[in-house]
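Engineer: In case you want the letters, here they are:
There are 6 protein chains.
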Amino acid sequence: MNLTHLDENNKPKMVDVSTKDDTLREATASGVIRVSKEAFKAVEENSTKKGPVLQTAVIASIQGAKQTSSLIPMCHPLLLTSIKVDIEELPKIYGYRLYVTVKLRGKTGVEMEALTGVSTGLLTIYDMLKAIDKSMVIENIQLEKKSGGKSGDFRRK
Amino acid sequence: MNLTHLDENNKPKMVDVSTKDDTLREATASGVIRVSKEAFKAVEENSTKKGPVLQTAVIASIQGAKQTSSLIPMCHPLLLTSIKVDIEELPKIYGYRLYVTVKLRGKTGVEMEALTGVSTGLLTIYDMLKAIDKSMVIENIQLEKKSGGKSGDFRRK
Amino acid sequence: MNLTHLDENNKPKMVDVSTKDDTLREATASGVIRVSKEAFKAVEENSTKKGPVLQTAVIASIQGAKQTSSLIPMCHPLLLTSIKVDIEELPKIYGYRLYVTVKLRGKTGVEMEALTGVSTGLLTIYDMLKAIDKSMVIENIQLEKKSGGKSGDFRRK
Amino acid sequence: MNLTHLDENNKPKMVDVSTKDDTLREATASGVIRVSKEAFKAVEENSTKKGPVLQTAVIASIQGAKQTSSLIPMCHPLLLTSIKVDIEELPKIYGYRLYVTVKLRGKTGVEMEALTGVSTGLLTIYDMLKAIDKSMVIENIQLEKKSGGKSGDFRRK
Amino acid sequence: MNLTHLDENNKPKMVDVSTKDDTLREATASGVIRVSKEAFKAVEENSTKKGPVLQTAVIASIQGAKQTSSLIPMCHPLLLTSIKVDIEELPKIYGYRLYVTVKLRGKTGVEMEALTGVSTGLLTIYDMLKAIDKSMVIENIQLEKKSGGKSGDFRRK
Amino acid sequence: MNLTHLDENNKPKMVDVSTKDDTLREATASGVIRVSKEAFKAVEENSTKKGPVLQTAVIASIQGAKQTSSLIPMCHPLLLTSIKVDIEELPKIYGYRLYVTVKLRGKTGVEMEALTGVSTGLLTIYDMLKAIDKSMVIENIQLEKKSGGKSGDFRRK
Numbered sequence: 022m023n024l025t026h027l028d029e030n031n032k033p034k035m036v037d038v039s040t041k042d043d044t045l046r047e048a049t050a051s052g053v054i055r056v057s058k059e060a061f062k063a064v065e066e067n068s069t070k071k072g073p074v075l076q077t078a079v080i081a082s083i084q085g086a087k088q089t090s091s092l093i094p095m096c097h098p099l100l101l102t103s104i105k106v107d108i109e110e111l112p113k114i115y116g117y118r119l120y121v122t123v124k125l126r127g128k129t130g131v132e133m134e135a136l137t138g139v140s141t142g143l144l145t146i147y148d149m150l151k152a153i154d155k156s157m158v159i160e161n162i163q164l165e166k167k168s169g170g171k172s173g174d175f176r177r178k
Numbered sequence: 022m023n024l025t026h027l028d029e030n031n032k033p034k035m036v037d038v039s040t041k042d043d044t045l046r047e048a049t050a051s052g053v054i055r056v057s058k059e060a061f062k063a064v065e066e067n068s069t070k071k072g073p074v075l076q077t078a079v080i081a082s083i084q085g086a087k088q089t090s091s092l093i094p095m096c097h098p099l100l101l102t103s104i105k106v107d108i109e110e111l112p113k114i115y116g117y118r119l120y121v122t123v124k125l126r127g128k129t130g131v132e133m134e135a136l137t138g139v140s141t142g143l144l145t146i147y148d149m150l151k152a153i154d155k156s157m158v159i160e161n162i163q164l165e166k167k168s169g170g171k172s173g174d175f176r177r178k
Numbered sequence: 022m023n024l025t026h027l028d029e030n031n032k033p034k035m036v037d038v039s040t041k042d043d044t045l046r047e048a049t050a051s052g053v054i055r056v057s058k059e060a061f062k063a064v065e066e067n068s069t070k071k072g073p074v075l076q077t078a079v080i081a082s083i084q085g086a087k088q089t090s091s092l093i094p095m096c097h098p099l100l101l102t103s104i105k106v107d108i109e110e111l112p113k114i115y116g117y118r119l120y121v122t123v124k125l126r127g128k129t130g131v132e133m134e135a136l137t138g139v140s141t142g143l144l145t146i147y148d149m150l151k152a153i154d155k156s157m158v159i160e161n162i163q164l165e166k167k168s169g170g171k172s173g174d175f176r177r178k
Numbered sequence: 022m023n024l025t026h027l028d029e030n031n032k033p034k035m036v037d038v039s040t041k042d043d044t045l046r047e048a049t050a051s052g053v054i055r056v057s058k059e060a061f062k063a064v065e066e067n068s069t070k071k072g073p074v075l076q077t078a079v080i081a082s083i084q085g086a087k088q089t090s091s092l093i094p095m096c097h098p099l100l101l102t103s104i105k106v107d108i109e110e111l112p113k114i115y116g117y118r119l120y121v122t123v124k125l126r127g128k129t130g131v132e133m134e135a136l137t138g139v140s141t142g143l144l145t146i147y148d149m150l151k152a153i154d155k156s157m158v159i160e161n162i163q164l165e166k167k168s169g170g171k172s173g174d175f176r177r178k
Numbered sequence: 022m023n024l025t026h027l028d029e030n031n032k033p034k035m036v037d038v039s040t041k042d043d044t045l046r047e048a049t050a051s052g053v054i055r056v057s058k059e060a061f062k063a064v065e066e067n068s069t070k071k072g073p074v075l076q077t078a079v080i081a082s083i084q085g086a087k088q089t090s091s092l093i094p095m096c097h098p099l100l101l102t103s104i105k106v107d108i109e110e111l112p113k114i115y116g117y118r119l120y121v122t123v124k125l126r127g128k129t130g131v132e133m134e135a136l137t138g139v140s141t142g143l144l145t146i147y148d149m150l151k152a153i154d155k156s157m158v159i160e161n162i163q164l165e166k167k168s169g170g171k172s173g174d175f176r177r178k
Numbered sequence: 022m023n024l025t026h027l028d029e030n031n032k033p034k035m036v037d038v039s040t041k042d043d044t045l046r047e048a049t050a051s052g053v054i055r056v057s058k059e060a061f062k063a064v065e066e067n068s069t070k071k072g073p074v075l076q077t078a079v080i081a082s083i084q085g086a087k088q089t090s091s092l093i094p095m096c097h098p099l100l101l102t103s104i105k106v107d108i109e110e111l112p113k114i115y116g117y118r119l120y121v122t123v124k125l126r127g128k129t130g131v132e133m134e135a136l137t138g139v140s141t142g143l144l145t146i147y148d149m150l151k152a153i154d155k156s157m158v159i160e161n162i163q164l165e166k167k168s169g170g171k172s173g174d175f176r177r178k
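Protein chains in written order, with the working numbering: chain B, 22 to 178; chain R, 22 to 178; chain Z, 22 to 178; chain S, 22 to 178; chain A, 22 to 178; chain P, 22 to 178.
Next up, chain B with everything else stripped away, as it sits in the complex (with noise of 0.2 Å):
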């Protein structure tokens, strides 16, 4: 088993894709927050409320996806050109379902960038209703699908 991202002296690189082709390339990846029925309400109540809760989510998925190849040592920089957030209300468990998916024309894939903007996310719903309950849990951070490269596709059962 091949450990890619370290050298023949076990120093990490950044994987060379110098000479892969651009192809379309499509990830999506979820995660869960789970947080208390005080704070489901306290966001589900008033409409308005979910509003922002949820939207700045969105926007921070966005923005924290984009910054993936500053946070992940690794990661190479890639020109996103699609990145979409979805967000399920899970009622009966009291939580939120995140989905991020990203898509880009170019060398390698983007599983990392929907990773990372999912995690982005939830940590920004916590992060808005910490003040409510600090015993909220993340949970199930997932690769969800891939599509596009020479190593297949993938979708989780």
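No lab work stands behind these hints, which were simulated from the structure alone. Treat the hints with care, as some may be off.
Note: identical chains are not told apart, hence a pair may lie in one copy or across any two.
[Claimed, not checked] Below, computed lysine-lysine pairings styled on DSS-like, alpha-carbon distance capped at 30 Å:
1. K171 to K128
2. K41 to K178
3. K171 to K62
4. K62 to K128
5. K166 to K178
6. K128 to K41
7. K41 to K171
8. K71 to K166
9. K178 to K128
10. K113 to K62
11. K128 to K166
12. K41 to K113
13. K113 to K58
14. K41 to K71
15. K171 to K113
16. K58 to K70
Take the given structure of chain B and dock chains R, Z, S, A and P to it, following the hints.
Structural biologist: This is chains R, Z, S, A and P only, laid out in the frame that chain B set:
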């Protein structure tokens, strides 16, 4: 229940901490990444390999924590005075638990910085193992404890 | 008349505030964007649409204000303790006036942060409406008031 | 009228340009800062002083244009291939007009980059003169012309 | 002799590379830090200690190279496709030589990215050893070789 | 000899300065770039040309110093209160020596900020002259003096 980050017109705002005292504040957050057996073995089997993968995550956590106020829209810029990362290997479930502890002498707490550090470190492990396993899951990103400031201490049960 | 940002050889410098006192400082800036009737109607006609356009501007203003010392070469890094954005709709001229108020307890004023916040928010509205109207004009970016610090208070007449 | 930056649920999104062609695109924006007679004279009276104030603005414009996708939430990261700044002195009104021209061979236009460059440069002039005059006004930030891309050319009348 | 980064009025500009071809470009830079015997021994004597000091430098080099266009005002944003760092221990002079090799398929060379990576890595070693030795010197930061692009290849003699 | 930036498990950490006093701290660093006679003449022969090349370096130094905690992984974010750059022309060896002096009232020293400022400024000169000379060498980046803080003052002999 008060959404502290919304103003009287339900617009997001950065909470006013201008008149709060500078006190010593500390927060510890944690989170887990579950990886495949193969990925876990690739990291573990050779002690020189564990070094660079986990060290890169440590460094990314520290740098990520410092970027919190750029990433999370309503977070205040803060003069973090200490960031420490610990990684617990979880051989039974094939995973890693990352702890980030942040300290500050200032006007507001550092839980978001600890959580952002955890999140960035786990994403970095994901990035370095994703050629082996695309189904890894990041979970249980949560505040462990928090002290300092007027809102009182928190310790996860 | 003294150009405080130039040294004895007319080179730019960051002004030395090392020995200034930490005092409470506050500044409010404003600015206007004039848009076409069509663009204004597209935002207004549906209350759910006004939300995301103007909320995105609010969030961009807050994040922009925090980036001031990276953007404006001679600005000091500052620990902003409050950022608040207001948007006034100007239906008679088809436009929006954005106000940003920034606070700090520190050694130098925050007028550049308020102005940078205004500027970033107005550019964000421009960006979100530019598919409808390319002739929009941003105008009257100016300091409204300022308090704290040795140089005295300012209030625009 | 279509708000291109909102998705079907009125959430902000980064517009999908994945399948657009790479074409040569160019945009020029301009803006004005009006300063007091005293501030204008302080800059002008000594040719060595005009240098550093206006040169700092030029450099800030170029660096600001490169930060557009970090500052304006829905902007795409872009590989700008040329940034040129011109400053016109306006002795009759005591002010400066700044022009920024940006070029790109890519999938989307560069008007936001030109406008952000103008805005950053004008704010920099403000910063360097604010010890003399706090009532300066930034005005008429606008697109002058734009070429390339499917939406057609624009030239301000 | 042409100062390519100045325009017809001697103002700095970002050189126009809009019509240059995308070709494979590569550059290697190097630099040395000389440290005290004590600092060198502190790093070397324990193989587990050499790991984190030099690995942190490797990671900082890679992340620094990616920040080149933010740091060096006239540099173009570039889609680096490979960054590799090597560190040569210099036990005779008590020092380290750091090599950074950067690749790109694009319109302009990557020598500044290689040099910025070297510089950031050496500063990181300095930072981690400065409690032991404040008289360390960084020297011989230079381009080793460069290929690709119209200006021809370079190889240091 | 203590590697202060490593924890008990030899992992990098940001040193804990939470309980240190805020004192006035100052550091000056310097460094040299040697260029070809041709490059030196291109800058010198026309006084208007020296302006933009060296001024761009000054501004890049100041902005680079402010980015230190983003670039150097274990550096603390700091509220720099003064940054001043001086450039000494070295006509005998065809080169420039750059000095950066940084001040702070805070909990830890600013030598890394001064060194990072020097490094960024020298790289900027390199960038602006590299079309003329690719064999330039940056050398002798070093701390000149340092005061404030518990570890005592330093002055290079």
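Engineer: All hints, please: hold or fail.
Structural biologist: Hint check:
Proximity of K171 to K128 under the C-alpha cut-off of 30 Å is found in both arrangements, the shortest distances being 10 Å within a copy and 24 Å between copies. In this assembly of identical chains, the alpha carbons of K41 and K178 lie at most 30 Å apart only when taken from the same copy (28 Å versus 32 Å across copies). When the C-alpha separation of K171 and K62 is checked against a cutoff of 30 Å, the pair qualifies only between copies, where the shortest distance is 25 Å, while the shortest distance within a copy is 46 Å. Taking the closest pair of Cα atoms, K62 and K128 come within 30 Å of each other only across two copies (29 Å); inside a single copy the shortest separation is 44 Å, beyond that limit.
In the homo-oligomer, the alpha carbons of K166 and K178 lie at most 30 Å apart inside one protomer (10 Å), although the nearest pairing across protomers, at 35 Å, exceeds that limit. With identical chains, the CA atoms of K128 and K41 are at most 30 Å apart both within one copy (5 Å) and between copies (17 Å). Proximity of K41 and K171 under a CA criterion of 30 Å is satisfied in both settings, with 9 Å inside one chain copy and 22 Å between copies. Taking the closest pair of Cα atoms, K71 and K166 come within 30 Å of each other both inside a single copy (28 Å) and across two copies (28 Å).
In this assembly of identical chains, K178 and K128 lie within 30 Å of each other by CA distance solely inside one copy; the values are 26 Å within and 34 Å between copies. Within a single copy, K113 and K62 get their C-alpha atoms as close as 12 Å, which meets the 30 Å cut-off; across copies the closest is 38 Å, which misses it. In the homo-oligomer, the alpha carbons of K128 and K166 lie at most 30 Å apart both inside one protomer (18 Å) and across protomers (25 Å), since each shortest distance falls under that limit. Taking the shortest Cα distances, K41 and K113 never come within 30 Å of each other, neither inside one copy (45 Å) nor across copies (38 Å).
Proximity of K113 and K58 under a CA criterion of 30 Å is satisfied intra-copy only: 10 Å inside one chain copy versus 33 Å between copies. For the homomeric pair K41 and K71, the shortest alpha-carbon distance between copies (28 Å) is at most 30 Å, but the shortest distance inside one copy (43 Å) is not. Taking the shortest Cα distances, K171 and K113 never come within 30 Å of each other, neither inside one copy (40 Å) nor across copies (33 Å). When the C-alpha separation of K58 and K70 is checked against a cutoff of 30 Å, the pair qualifies both within a copy, at 16 Å, and between copies, at 29 Å.
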